[in-house]
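**Student:** Following the hints, complete the assembly by docking chain P onto the known chain G.
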Amino acid sequence: MSTTVVILAVALASGVEMVEAFTILLAVATTKGWKTAIVGAVAALLTLVLIVAVLGPALIHGVPIYALRTVVGIITLIFGLQWVRKAILRSSGLKALHDEDAVYEREVTELNRSGATRGSVDPIGFTVAYKGTFLEGLEVVVIVLTLGTTSGHLLTASFAAVVTALFVFGVGATLSRQLSKVPENKMKMGVGVMLISFGTFWTAEGLHVHWPYSDLSIVGLIAFYAVSSYLLVLYLQRSMGQLDKKVTSH
Amino acid sequence: MLTRGESYLKFIKAVGRFFWDLLIGETPGLTAGVATLVVSLTLLYLLGVSIPYLLAPFIVVVTLFFSLRHQLKDTSKRRRR
Chain G
53 MSTTVVILAV ALASGVEMVE AFTILLAVAT TKGWKTAIVG AVAALLTLVL IVAVLGPALI
113 HGVPIYALRT VVGIITLIFG LQWVRKAILR SSGLKALHDE DAVYEREVTE LNRSGATRGS
173 VDPIGFTVAY KGTFLEGLEV VVIVLTLGTT SGHLLTASFA AVVTALFVFG VGATLSRQLS
233 KVPENKMKMG VGVMLISFGT FWTAEGLHVH WPYSDLSIVG LIAFYAVSSY LLVLYLQRSM
293 GQLDKKVTSH
Chain P
10 MLTRGESYLK FIKAVGRFFW DLLIGETPGL TAGVATLVVS LTLLYLLGVS IPYLLAPFIV
70 VVTLFFSLRH QLKDTSKRRR R
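Protein sequence lines correspond, in order, to chains G and P.
In this text, residue positions in the first sequence follow my numbering: the first is 53, and each later residue adds one.
In this text, residue positions in the second sequence follow my numbering: the first is 10, and each later residue adds one.
So here's chain G without its partners, still in its complex pose (with noise of 0.2 Å):
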């Protein structure tokens, strides 16, 4: 049960972010060619490897599993909450959506401003790549080794992330253009109810409490959580929709 879910929280988090990193990509090719965007995204995705089989292997072999779990789980609830918060604000409307036109319009104007390119590579326009890739693909990776390592699946978890990372690099440079029509906010909704049901279950396990049911008690909380983000959406544009009414009549 719980590999299913790790696998899918590290895909749906490896798409969600892919897709940010790709608009980068496709603004770099635009103005600077496909070859620097691509050679700038597979150094950001080697990097991304080479952190995930140095430190994987290290947290499990070096970190007693009952420890690892406890740290790991607090990581995993913090950046999890924070997923979460980000999705329900976006949701009722209190903060705008993730925007990849507007990104893409952004990061174009500021490759043309830096220059002609010069010879085959041109380097800002790498280090625009890298950089993309690298940041977006940096919380998958956390991901990766969060819930990889303690669920005893980072193997699987790593090759999740990076067939869906080509995947969807792959989907948008067959259509060449930014994938702005993926729902990015559900997606980050559901990878962050995934993040916290973990981090809570990982957490109170390594401070003595005790699950019914033992794993089984995630997919509770899962449901848990996903109910409980429903009504605070509702809760927030309930909220907003008040507010309006006010501002309107003074």
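Keep in mind that the hints were calculated from the coordinates and are not lab data.
Warning: the hint list may mix true and false statements.
To be verified - Quick list of in silico lysine-lysine cross-link-like pairs, DSBU-like style, CA-CA up to 35 Å:
hint, chain 1, residue 1, chain 2, residue 2
1, P, 19, G, 238
2, P, 82, G, 87
3, P, 19, G, 297
4, G, 297, P, 22
5, G, 138, P, 19
6, G, 297, P, 86
Claimed, not checked - Label-pair distances were calculated between CB atoms; the ranges are:
hint, chain 1, residue 1, chain 2, residue 2, range
7, G, 101, P, 82, 37 to 47 Å
8, P, 55, G, 161, 50 to 60 Å
9, G, 118, P, 26, 27 to 37 Å
10, G, 160, P, 56, 22 to 32 Å
As the list claims (entries may be wrong) - From the structure, some residues in chain G lie toward chain P, with a derived Cβ separation under 7 Å:
hint, residue
11, 129
12, 130
13, 133
14, 137
15, 173
16, 176
17, 179
18, 187
19, 252
20, 256
21, 291
Glycine included, every Cβ here is placed at the ideal spot set by N, Cα and C.
**Tutor:** Frame of chain G; chain P shown alone:
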């Protein structure tokens, strides 16, 4: 015009910001809520109290609620101005 040095500096700053945002960032309230959860569960364990398993998800949802409420208050203040 963006120089290579400025690009590298921006990259290093962005990595630093990533780790700051990961644990504290714009939402210190969330970290404080998780800290409350850890301290509460540790104290209950040390006092020998049997910890109800629903306590953890309850604290998490309350933390999220107050963080969102804080954001809502901020937004309403800005709109009224």
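**Student:** Holds or violated: are the alpha carbons of residue 138(G) and residue 19(P) at most 35 Å from each other?
**Tutor:** Roughly 24 Å between the alpha carbons, so the hint for residue 138(G) and residue 19(P) holds.
**Student:** Was the hint right that residue 176(G) lines chain P, CB cutoff 7 Å?
**Tutor:** It holds, given that the least Cβ distance between residue 176(G) and chain P is near 6 Å, below 7 Å.
**Student:** Quick one, is the residue 137(G) hint okay against chain P at 7 Å, beta carbons?
**Tutor:** Where the cut-off is 7 Å and the nearest Cβ of chain P is about 6 Å from residue 137(G), the hint holds.
**Student:** Against chain P, with CB atoms and a cut of 7 Å, does the hint on residue 130(G) hold up?
**Tutor:** 5 Å, holds
**Student:** Let's test the interface hint: is any C-beta of chain P closer than 7 Å to that of residue 291(G)?
**Tutor:** Hint on residue 291(G): holds, closest Cβ of chain P at ~6 Å, below 7 Å.
**Student:** Does the alpha-carbon distance linking residue 19(P) and residue 238(G) stay inside the 35 Å limit?
**Tutor:** Holds, at about 30 Å.
**Student:** When you check the alpha-carbon spacing of residue 297(G) and residue 86(P), does it fall within 35 Å?
**Tutor:** 14 Å, holds
**Student:** For the hint on residue 173(G), does the least C-beta distance to chain P fall short of 7 Å?
**Tutor:** Since the shortest Cβ distance to chain P is 13 Å, the answer is violated.
**Student:** Return the status of the interface hint for residue 252(G): holds when the least beta-carbon distance to chain P is below 7 Å, violated otherwise.
**Tutor:** Interface hint status for residue 252(G): holds (5 Å vs cutoff 7 Å).
**Student:** Holds or violated: 50 to 60 Å for the Cβ distance of residue 55(P) and residue 161(G)?
**Tutor:** This hint holds: roughly 57 Å between Cβ atoms.
**Student:** So does residue 118(G) sit 27 to 37 Å from residue 26(P), Cβ to Cβ?
**Tutor:** Given a distance of about 32 Å, which is inside 27 to 37 Å, the answer is holds.
**Student:** Is the Cα-Cα distance between residue 297(G) and residue 22(P) 35 Å or less?
**Tutor:** 42 Å, violated
The structure fails to meet hints 2, 3, 4, 10 and 15 from the earlier list, while all remaining hints are met.
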